[in-house]
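Asker: Each chain is listed here by its residues.
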Amino acid sequence: MNTTSQSVKTAQYRFGRFTRPIVLAVIGTMKPRWNDFDPPIDEEVCAHIERDFSRFPLRAKIMILLMFHVIQWGGPLARRAPVPFTWLSPDARADRLRGLRNSKRQLPHLIFKALKTMVLIVCYSRPSVEQYLGLVRSDWQMSRLRLREQLLAVDRKRAKLPPTPLPLGAADTVHPDDILQDEPVLLPYNGE
Amino acid sequence: MAIPEPSLRIVTFPELGQTQIDTDVVVVGSGAGGAAVAAELAEGGLKVLVLEEGPYFTTQDFRTDVTNVITRTMRDAGTTITIGRSPVQYLEGRCVGGTTVINGGMCWRTPDKVLKRWGMEHGLTRLTSKSLQPLFERVEQRISAREQDVGTEGKNSLVFQRGCEKLGYKTVRNIRNQVHCVGSNDCVTGCPTGAKQSTAHTYLTILCRYGGSIVTSAKVEKIRVEGGKATGVVARIQNLETGQWDKTLAVSAKIVVLSCGATQTPLLLLRNRIGNRSRQVGRNFTIHPNIKISAMFDEPIDTMRGAHQAFQCREFQDEGILIAPGGVSPPLMSVATDLFGAEHGDFMLKQRYLATGGVLVDDFAAGRVSLGPFGIPLVRYDITNADQHKFIRGAALAAEIYLAAGAREVYTAFGGVGPIRNGDDIRRLFLYPPKIEHTEYFTAHLMGTCRMDRDPTRGVVDESGQSHDIRNLFVADASILPTPIGVNPQETIMALATHIAGDVLNNWKTYRQVAA
Chain A
2 MNTTSQSVKT AQYRFGRFTR PIVLAVIGTM KPRWNDFDPP IDEEVCAHIE RDFSRFPLRA
62 KIMILLMFHV IQWGGPLARR APVPFTWLSP DARADRLRGL RNSKRQLPHL IFKALKTMVL
122 IVCYSRPSVE QYLGLVRSDW QMSRLRLREQ LLAVDRKRAK LPPTPLPLGA ADTVHPDDIL
182 QDEPVLLPYN GE
Chain B
337 MAIPEPSLRI VTFPELGQTQ IDTDVVVVGS GAGGAAVAAE LAEGGLKVLV LEEGPYFTTQ
397 DFRTDVTNVI TRTMRDAGTT ITIGRSPVQY LEGRCVGGTT VINGGMCWRT PDKVLKRWGM
457 EHGLTRLTSK SLQPLFERVE QRISAREQDV GTEGKNSLVF QRGCEKLGYK TVRNIRNQVH
517 CVGSNDCVTG CPTGAKQSTA HTYLTILCRY GGSIVTSAKV EKIRVEGGKA TGVVARIQNL
577 ETGQWDKTLA VSAKIVVLSC GATQTPLLLL RNRIGNRSRQ VGRNFTIHPN IKISAMFDEP
637 IDTMRGAHQA FQCREFQDEG ILIAPGGVSP PLMSVATDLF GAEHGDFMLK QRYLATGGVL
697 VDDFAAGRVS LGPFGIPLVR YDITNADQHK FIRGAALAAE IYLAAGAREV YTAFGGVGPI
757 RNGDDIRRLF LYPPKIEHTE YFTAHLMGTC RMDRDPTRGV VDESGQSHDI RNLFVADASI
817 LPTPIGVNPQ ETIMALATHI AGDVLNNWKT YRQVAA
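As they're listed, the protein sequences go chains A and B. For the first sequence, our numbering begins at 2 and goes up steadily by one. For the second sequence, our numbering begins at 337 and goes up steadily by one.
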């Protein structure tokens with residue numbers, strides 16, 4: 002019986018030299034920061050976005066690349082700003098993103114939502130940010146894992162439970178291994 | 337002591353030496369429908385092979401960062417979205433266990449009124465509460481459906497229940513397929529403690545115990561049909577070393593069962609141009625959409641600590657509105673607001689005080705899954721004005737619940753609508769109804785698209801799950817549900833798959849003769 006995990010081995014993808022500065026500029030503008038802590042996670046977040054990007058389907062990849070270049074060149078092309086996104090000051094970049102967010106049209110708002118989702122989930126998964134917020138997810142998971150191991154150990158010590166379905170909400174639990182040890186119960190199927 | 341991993345017989349490239357396999361039954365997909373039908377048939381004595389498009393992940397694989405799980409376990413790396421008036425993000429699992437690996441694990445029997453409607457409108461007179469009761473019981477036993485252990489619900493669920501109690505609204509404790517869920521609240525990114533009993537832990541373990549196997553990274557492209565009957569499938573196999581889909585596997589089977597889910601099953605039929613004499617393949621697509629609600633409290637809520645969802649408010653079920661808490665981890669919570677930069681940092685400093693939930697509505701809309709130019713899948717769905725009215729009412733009710741529980745402010749998924757602080761703000765929702773285009777929707781409950789109907793002109797499969805057009809071709813997944821069911825669909829899918837497996841076993845002699 003096989004219980005090892007599987008995944009496709011892929012080389013670390015890197016955005017091209019025209020795209021990467023745009024991605025880093027978006028990350029620098031969107032990443033969370035506080036008065037006493039400006040997390041130096043831009044490169045780390047970019048590497049994670051590149052990893053995620055490599056797993057996207059082709060049509061999503063094309064849309065995302067287009068989206069970054071719309072951010073970069075949208076201002077000059079729409080004659081709303083004289084320079085591309087990466088040339089702007091940090092405050093002006095934030096204003097540009099706020100413009101997308103507050104747009105009454107659906108497409109700019111969708112672009113903003115996609116950027117926000119891609120950047121912020123990764124930012125808040127970074128260990129330095131988790132530690133600053135006092136919410137280290139891996140520590141929480143490990144503490145839960147230990148608790149569950151204890152509960153399962155208690156279950157194993159209990160008397161064997163009946164193979165029939167327990168009433169919903171019953172306090173006792175049955176472990177799947179225990180179910181499997183019993184003879185299979187075949188229902189009398191009625192075709193008609 | 338370590339948490340036990342499921343014992344599965346998984347075959348993949350390069351271990352897969354053969355390019356041709358003969359079996360009794362080939363099941364395409366290992367989610368709620370596929371795994372259930374495969375396990376029941378294997379236990380009934382048939383030789384069963386399951387083909388799964390995605391790879392296999394162990395419990396340990398889910399103890400990693402959120403996007404790493406999302407991009408590996410979900411279809412299109414979690415980028416799936418409907419097109420329409422307001423795009424709806426939807427999630428589908430693409431791994432061994434399918435969507436049961438990334439769902440909240442809610443287990444509800446199909447409501448009686450829904451089954452009656454199926455009988456009246458779709459001629460499904462064998463699917464009654466009475467006839468399905470033993471099947472529901474069987475499913476619940478198999479997947480360990482039970483209430484959350486007391487004390488692990490988490491404050492996110494408890495404040496919601498407190499609000500409902502104060503207003504006198506009926507709540508129910510959730511039944512979920514879990515064994516000692518300890519509230520790590522990572523259901524939607526794969527259970528890191530192994531508590532959630534996805535089909536990898538339950539049905540697929542039973543399948544393998546009775547001699548069945550699972551071939552992973554196998555994408556079925558062709559359904560073989562000869563003389564009006566299905567005779568097998570052809571799949572492309574992915575080489576995990578190179579990522580290339582460079583090997584072909586042909587499976588000959590007496591029976592073919594499609595369980596690829598409500599978007600992929602119709603696409604497979606459409607690509608093969610079969611089973612669509614009724615012109616219903618891909619139509620009648622419903623999604624049980626939801627919107628997110630969050631509420632700021634003065635007391636710490638810590639949504640990360642506790643069950644994803646321990647209660648549901650059923651007071652408004654007859655109106656087609658389901659309100660429930662829904663906890664998520666901080667990375668996923670971070671996208672709940674449109675802030676960014678320093679403002680977002682300030683927001684997340686307060687996130688310990690934020691409770692999260694959602695409003696789900698029974699949708700009137702009927703979308704469509706079809707093939708676009710160059711075979712690109714098109715998933716079209718338009719929220720209707722009637723559904724939006726229900727969302728507005730649901731959001732108002734959820735705001736009332738959270739305010740009654742002591743929330744300072746309630747935030748909705750309606751763009752341009754500020755925080756709700758009192759009754760005036762709630763009334764404003766009705767006076768100035770938010771537009772569909774400015775609302776963020778989400779779903780993981782996709783249904784319809786190959787509906788079950790006794791009439792071959794109105795449905796794709798009959799009451800046994802068999803195609804009206806192709807003999808020995810079955811569908812057992814969410815696509816066969818004829819109407820929205822108003823509750824989480826996992827148990828309904830499993831019960832219908834068990835019903836289909838029962839019919840196959842009872843009539844196996846006939847199917848075998850047809851195949852011969």
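Take these hints with a grain of salt, some might be off.
[Stated by the list, open to error] Chain A is faced by these chain B residues, among others (derived, beta-carbon under 7 Å):
(1) P666
(2) H680
(3) G759
(4) R763
[Said to hold, decoys possible] Cut-off 27 Å, straight-line C-alpha distance, at most; resulting in silico cross-link-like pairs (DSSO-like, lysine-lysine):
(5) A:K105 x B:K771
(6) B:K845 x B:K558
(7) B:K845 x A:K114
(8) A:K62 x B:K452
(9) B:K555 x A:K62
(10) B:K491 x B:K506
(11) B:K565 x B:K845
(12) B:K583 x B:K558
(13) B:K491 x B:K686
(14) B:K506 x B:K449
(15) A:K114 x B:K686
(16) B:K452 x B:K466
(17) B:K449 x B:K466
(18) B:K491 x B:K466
(19) A:K62 x A:K105
[Claimed, not checked] What the simulated footprint calls covered on chain A by chain B, stretch by stretch (three residues with Cβ under 8 Å from a Cβ of chain B suffice, anywhere in the stretch; the number is not a length):
(20) 14 to 27
(21) 103 to 115
Keep in mind that the hints were calculated from the coordinates and are not lab data. We put the CB at the ideal spot given by N, CA and C, even for glycine.
Asker: Each hint should be assessed against the structure and marked as holding or not.
Answerer: To see whether the hints hold, each was checked on the structure:
Below 7 Å, beta-carbon pairs count as interface contacts, and P666 (chain B) has one with chain A at about 5 Å; its hint therefore holds. Interface hint at H680 (chain B): satisfied, since its Cβ lies 5 Å from the closest Cβ of chain A, which is below the 7 Å cut-off. The interface hint given for G759 (chain B) is broken, as the beta carbon of that residue sits about 28 Å from the closest beta carbon of chain A, more than 7 Å. Residue-level restraint check for R763 (chain B) is violated (minimum Cβ-Cβ distance to chain A is 24 Å; threshold 7 Å).
In summary, the hint linking K105 (chain A) to K771 (chain B) is supported, as the alpha carbons are separated by about 11 Å, within the 27 Å threshold. About 26 Å separates the Cα atoms of K845 (chain B) and K558 (chain B), which keeps this hinted pair within 27 Å; it holds. Taking the CA atoms of K845 (chain B) and K114 (chain A), the gap is about 55 Å. The hint is violated against a cut of 27 Å. About 46 Å separates the Cα atoms of K62 (chain A) and K452 (chain B), which puts this hinted pair outside 27 Å; it is violated.
A distance of roughly 21 Å separates the Cα atoms of K555 (chain B) and K62 (chain A); the hinted pair therefore holds under the 27 Å criterion. With a C-alpha separation of about 19 Å, the suggested pairing of K491 (chain B) with K506 (chain B) holds against the 27 Å cut-off. Taken as a hint, the K565 (chain B) and K845 (chain B) pair is honoured in the structure, with Cα atoms around 15 Å apart against an allowance of 27 Å. Distance restraint check for K583 (chain B) and K558 (chain B): the Cα-Cα separation of roughly 14 Å lies within the 27 Å cut-off, and the hinted pair is therefore satisfied.
Among the hinted pairs, K491 (chain B) with K686 (chain B) is consistent with the structure: their alpha-carbon atoms are about 16 Å apart, no more than 27 Å. About 19 Å separates the Cα atoms of K506 (chain B) and K449 (chain B), which keeps this hinted pair within 27 Å; it holds. Note on K114 (chain A) and K686 (chain B): the hinted pairing holds, with a Cα-Cα distance of about 21 Å set against a maximum of 27 Å. Distance hint between K452 (chain B) and K466 (chain B) is fulfilled; the C-alpha atoms sit about 11 Å from each other, no more than 27 Å.
Under the criterion of a C-alpha separation no larger than 27 Å, the hint pairing K449 (chain B) with K466 (chain B) is consistent with the structure, at around 13 Å. Between K491 (chain B) and K466 (chain B) the alpha-carbon distance is near 37 Å, which puts this suggested pair outside the 27 Å criterion. Of the supplied pair hints, the one linking K62 (chain A) and K105 (chain A) holds, its CA atoms being roughly 26 Å apart against a limit of 27 Å. Evaluation of the coverage hint for the segment 14 to 27 of chain A: breached, as 0 residues show C-beta separations to chain B shorter than 8 Å, against a requirement of three.
Residues of the segment 103 to 115 of chain A with a Cβ under 8 Å from some Cβ of chain B number 5, which satisfies the need for three, so the listed coverage holds.
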